[in-house]
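Q: If you read the sequences in order, they're chains A and B. Residue numbers 0 to 410, in numbering that gives the first Met the number 0, belong to the letters of the first sequence in order. Residue numbers 0 to 410, in numbering that gives the first Met the number 0, belong to the letters of the second sequence in order.
Please keep in mind that the hints were generated in silico from the structure rather than gathered at the bench. Don't be surprised by glycine CBs; every beta carbon is placed ideally from N, CA and C. Some hints could be false.
[Unchecked claim] Counterexamples of contact, computed for chain A against chain B with all Cβ distances above 10 Å:
no.: 1; residue: Thr207
no.: 2; residue: Asp227
no.: 3; residue: Gly242
no.: 4; residue: Tyr331
no.: 5; residue: Thr398
[Unchecked claim] When the alpha-carbon atoms are kept at most 30 Å apart in a straight line, the in silico DSBU-like pairs for lysine-lysine are as follows:
no.: 6; chain 1: A; residue 1: Lys356; chain 2: B; residue 2: Lys340
no.: 7; chain 1: B; residue 1: Lys340; chain 2: A; residue 2: Lys61
no.: 8; chain 1: A; residue 1: Lys93; chain 2: A; residue 2: Lys173
no.: 9; chain 1: B; residue 1: Lys53; chain 2: A; residue 2: Lys356
[Stated by the list, open to error] Computed beta-carbon distance windows for the label pairs:
no.: 10; chain 1: B; residue 1: Ala87; chain 2: A; residue 2: Glu387; range: 30 to 36 Å
no.: 11; chain 1: A; residue 1: Met126; chain 2: B; residue 2: Leu353; range: 24 to 30 Å
no.: 12; chain 1: A; residue 1: Asp294; chain 2: B; residue 2: Pro40; range: 45 to 51 Å
no.: 13; chain 1: B; residue 1: Met2; chain 2: A; residue 2: Lys369; range: 48 to 54 Å
no.: 14; chain 1: A; residue 1: Lys356; chain 2: B; residue 2: Glu101; range: 33 to 39 Å
no.: 15; chain 1: A; residue 1: Asp294; chain 2: B; residue 2: Gly85; range: 39 to 45 Å
Number of protein chains: 2
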Amino acid sequence: MSMTAIKGGVLAAEGFMAASTAAGIRKHGREDMALLFSETPCVAAGTYTSNVVKAAPVVWDKELTDHDHAIHAVVINSGIANACTGDAGMEACKQEAQTVSEAFGDVIPPESVLVASTGVIGLPLPMDKMKAGILEMVPKLEHSELHATLASKAIMTTDTKNKEFAVAFEIGGKTVHLGGMTKGSGMIHPKLCTMLCFLTTDLCISKTLLQKALFEDIVDTYNMISVDGDTSTNDTCVILANGKAGNPEITEENEDYQTFKKALHAVNETLARNMAADGEGATHLFTVHVTGANDKETARTLARSVVSSTLTKAAIYGRDANWGRILCAMGYSGAAFDPNKVRLCFVNDIGKILVYKDGVPVDFDEDYAKEILGYEEVTALIELNQGEAEATAWGCDLTHDYVDINASYRT
Amino acid sequence: MSMTAIKGGVLAAEGFMAASTAAGIRKHGREDMALLFSETPCVAAGTYTSNVVKAAPVVWDKELTDHDHAIHAVVINSGIANACTGDAGMEACKQEAQTVSEAFGDVIPPESVLVASTGVIGLPLPMDKMKAGILEMVPKLEHSELHATLASKAIMTTDTKNKEFAVAFEIGGKTVHLGGMTKGSGMIHPKLCTMLCFLTTDLCISKTLLQKALFEDIVDTYNMISVDGDTSTNDTCVILANGKAGNPEITEENEDYQTFKKALHAVNETLARNMAADGEGATHLFTVHVTGANDKETARTLARSVVSSTLTKAAIYGRDANWGRILCAMGYSGAAFDPNKVRLCFVNDIGKILVYKDGVPVDFDEDYAKEILGYEEVTALIELNQGEAEATAWGCDLTHDYVDINASYRT
Numbered sequence: 000m001s002m003t004a005i006k007g008g009v010l011a012a013e014g015f016m017a018a019s020t021a022a023g024i025r026k027h028g029r030e031d032m033a034l035l036f037s038e039t040p041c042v043a044a045g046t047y048t049s050n051v052v053k054a055a056p057v058v059w060d061k062e063l064t065d066h067d068h069a070i071h072a073v074v075i076n077s078g079i080a081n082a083c084t085g086d087a088g089m090e091a092c093k094q095e096a097q098t099v100s101e102a103f104g105d106v107i108p109p110e111s112v113l114v115a116s117t118g119v120i121g122l123p124l125p126m127d128k129m130k131a132g133i134l135e136m137v138p139k140l141e142h143s144e145l146h147a148t149l150a151s152k153a154i155m156t157t158d159t160k161n162k163e164f165a166v167a168f169e170i171g172g173k174t175v176h177l178g179g180m181t182k183g184s185g186m187i188h189p190k191l192c193t194m195l196c197f198l199t200t201d202l203c204i205s206k207t208l209l210q211k212a213l214f215e216d217i218v219d220t221y222n223m224i225s226v227d228g229d230t231s232t233n234d235t236c237v238i239l240a241n242g243k244a245g246n247p248e249i250t251e252e253n254e255d256y257q258t259f260k261k262a263l264h265a266v267n268e269t270l271a272r273n274m275a276a277d278g279e280g281a282t283h284l285f286t287v288h289v290t291g292a293n294d295k296e297t298a299r300t301l302a303r304s305v306v307s308s309t310l311t312k313a314a315i316y317g318r319d320a321n322w323g324r325i326l327c328a329m330g331y332s333g334a335a336f337d338p339n340k341v342r343l344c345f346v347n348d349i350g351k352i353l354v355y356k357d358g359v360p361v362d363f364d365e366d367y368a369k370e371i372l373g374y375e376e377v378t379a380l381i382e383l384n385q386g387e388a389e390a391t392a393w394g395c396d397l398t399h400d401y402v403d404i405n406a407s408y409r410t
Numbered sequence: 000m001s002m003t004a005i006k007g008g009v010l011a012a013e014g015f016m017a018a019s020t021a022a023g024i025r026k027h028g029r030e031d032m033a034l035l036f037s038e039t040p041c042v043a044a045g046t047y048t049s050n051v052v053k054a055a056p057v058v059w060d061k062e063l064t065d066h067d068h069a070i071h072a073v074v075i076n077s078g079i080a081n082a083c084t085g086d087a088g089m090e091a092c093k094q095e096a097q098t099v100s101e102a103f104g105d106v107i108p109p110e111s112v113l114v115a116s117t118g119v120i121g122l123p124l125p126m127d128k129m130k131a132g133i134l135e136m137v138p139k140l141e142h143s144e145l146h147a148t149l150a151s152k153a154i155m156t157t158d159t160k161n162k163e164f165a166v167a168f169e170i171g172g173k174t175v176h177l178g179g180m181t182k183g184s185g186m187i188h189p190k191l192c193t194m195l196c197f198l199t200t201d202l203c204i205s206k207t208l209l210q211k212a213l214f215e216d217i218v219d220t221y222n223m224i225s226v227d228g229d230t231s232t233n234d235t236c237v238i239l240a241n242g243k244a245g246n247p248e249i250t251e252e253n254e255d256y257q258t259f260k261k262a263l264h265a266v267n268e269t270l271a272r273n274m275a276a277d278g279e280g281a282t283h284l285f286t287v288h289v290t291g292a293n294d295k296e297t298a299r300t301l302a303r304s305v306v307s308s309t310l311t312k313a314a315i316y317g318r319d320a321n322w323g324r325i326l327c328a329m330g331y332s333g334a335a336f337d338p339n340k341v342r343l344c345f346v347n348d349i350g351k352i353l354v355y356k357d358g359v360p361v362d363f364d365e366d367y368a369k370e371i372l373g374y375e376e377v378t379a380l381i382e383l384n385q386g387e388a389e390a391t392a393w394g395c396d397l398t399h400d401y402v403d404i405n406a407s408y409r410t
């Protein structure tokens, strides 16, 4: 299949519009609201946090995407998470959707509007500001690359970089576009999905297969990143498909479906990696690649355990090839493997260094290891030599800045 | 039952002796080896790490305690963990035990000698230094409180305080003594036991009941502490009972057994708390007390999840009453509960402040909260209001010093 990375983020696909504004939820006049809109109704699929404490927007969105409502818009705010806010939180979601609906002269129903929030848990949303923000954004909706980027910035919290990505590919002789934006830097250890992720495509596809493709792909993308082991109350990953590419509708798991899945994976993997690299306080993107496992779940479990290990993350920060902590994290992961068959390397663009083989350490050049670990991206390559399955997890190092950010985030 | 805290640590019980030395495994002439000895053979019980990657000493000890060998001695070193060391690691354990046996003129067999190591993973033990250290310690063995303290210091790694505790209580008209020492500051998230813990008692008890009492008690003590979520390869908790108190042997779960269990719990809880308070870089002992759970396991799961939450730990460091992170950590714990019934307070010797009730935040005085959280010990009291079960977990905050210590521990 031929697939090209393109610009445009959530506006790469035909028929989507976006706007953003500074509604005054966050300080210093920072943009803190975004609106995504498609005049053509969208088939929508969503995955949400597995946290028992679910934020109100998660409950609102899940209800809509579970019941096959056609979706026209998503309204998002940063600064306040609308989590642990009781009945008032649900009422806020309803009012957001109603305000969007009314702003479009009731042409689109409130049940076609998804909502999402990120920020401090427990505070009520300032509804006057939210409503004013929505009314300000609606007339600003436009299909402009600039707006996609502004929207991806407006949903940031402790993120240092906005995250957007898009691809173009062919299905049934038509060019299809798929793009997305994500935010997420702390409280990142997704169990069903990442913090906030919005994907748009002009693909024509049935709801069932859109949902299936999304569910299957997050397992190896957003579910494989970790910043701090804390699974958020607000995790949301939504994909909207408005069908404007004009391809024959995908209604079975044919070759077109497989093409779409590859494109979806490319977008999700890039956005997931970017989130891990921009983890709170991170100085390294830390990738763990496990090969030779007996089965896929074993590979995933081991990769996730290593990438989440506090001690390993601190060692990566210190440019310390402390492979013992990696073996240790594999050992307590709950997955079965034979430590005596493991081969462990650190590898990146600088070079590759073998540190452990056949159950015993390998003598290695500490200076060279420090050089490799000094680079901003490093991969721990773990060869189990037991089977054929593999998996990759992405995370980041544990730094002083992480502690600073989170010792003072709320106050 | 009447129970008194007494001095003496591992030497509080009759018939035990201890010694320590600087064998040159660690730098700067620091004491790095300890030897425990009982002329009277001991009934011994042990629990060990659940990590798949088990250090050689864990394998050696488990073999001995599982097969009811009478135990006379424990030799311990800090500096090197003897983990991931392959066959050479097992050979090192054997040589340690043989050296102790020979030093006693072969009166005690190598199979009566337990070994334990803590420190860097992957390095080989320097056997010449280890043997010389053992030969130096044997003539120094003495029943002296000073030696108990020196031994508890020799097994420290990044610990800042030695940890020992002992109690006296009555069984069958005889005074029984039970004492212990532990070490552990990082890589602490025990699944079966804590890093290293040695308990001695002059109680007369069957092997079966000694093991049962130990297994039952660690679930609510060492298994309920967490410093960094990393379960070590070397976790070991051993109890030796030499029977010298002269009480009628405990062979059934009678009143005497219950008395012993209470004493055991008192010692284990104190040592576990002390380990958590001395977590690497810690400025706070952070206790999480969950009440009103439907069952004990739910209470334990929730308490452990909160005490292990990276974001909550950073907030405690920042004296930030960020209760949203606590609700969040409860939510992703996997345990079932109703967030709308939860009542959450921060409490300690300074005061008590309610921050969340019935599914919504409570307005509280931020200055007062900061004052409470400024104290070196703070408890999050989580009332679930659903059942009768409760549990307590102990941990510490996540600080800059934690990052410093672990970014440079090995090198």
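Q: Now, for every hint given, state plainly whether the structure supports it.
A: Outcome of the hint check:
1. Distance to chain B confirms Thr207(A) as a non-interface residue, since its nearest Cβ pair spans about 29 Å, more than 10 Å.
2. Not every CB of chain B is more than 10 Å from the CB of Asp227(A) (nearest about 4 Å), against its label as outside the interface.
3. With a least beta-carbon separation of about 36 Å from chain B, Gly242(A) lies farther than 10 Å from that chain, consistent with its non-interface assignment.
4. Remark: the non-interface label on Tyr331(A) conflicts with the geometry, its nearest Cβ contact in chain B lying 4 Å away (cut-off 10 Å).
5. Listed as outside the interface, Thr398(A) is inconsistent with that label: its C-beta sits roughly 6 Å from the nearest C-beta of chain B, within the 10 Å cut-off.
6. Pair hint Lys356(A) plus Lys340(B) does not hold up; C-alpha atoms about 52 Å apart against a cutoff of 30 Å.
7. Distance hint between Lys340(B) and Lys61(A) is fulfilled; the C-alpha atoms sit about 23 Å from each other, no more than 30 Å.
8. Proximity of Lys93(A) to Lys173(A) is assessed by CA-CA distance (about 38 Å); at most 30 Å being required, the pair is judged violated.
9. A C-alpha spacing of about 16 Å is found between Lys53(B) and Lys356(A), which places the hinted pair at or below 30 Å, so the restraint holds.
10. In this structure the supplied range 30 to 36 Å holds for Ala87(B) paired with Glu387(A), their Cβ-Cβ distance being about 32 Å.
11. Remark: the range hint 24 to 30 Å for Met126(A) to Leu353(B) is upheld by a beta-carbon distance near 26 Å.
12. About 47 Å separates the C-beta atoms of Asp294(A) and Pro40(B), a value consistent with the hinted range of 45 to 51 Å.
13. For Met2(B) and Lys369(A), the hinted distance range of 48 to 54 Å is satisfied, since their beta carbons lie about 53 Å from each other.
14. For Lys356(A) paired with Glu101(B), a C-beta distance near 35 Å keeps the hint of 33 to 39 Å intact.
15. A hinted range of 39 to 45 Å for the beta carbons of Asp294(A) and Gly85(B) is inconsistent with their spacing of about 26 Å.
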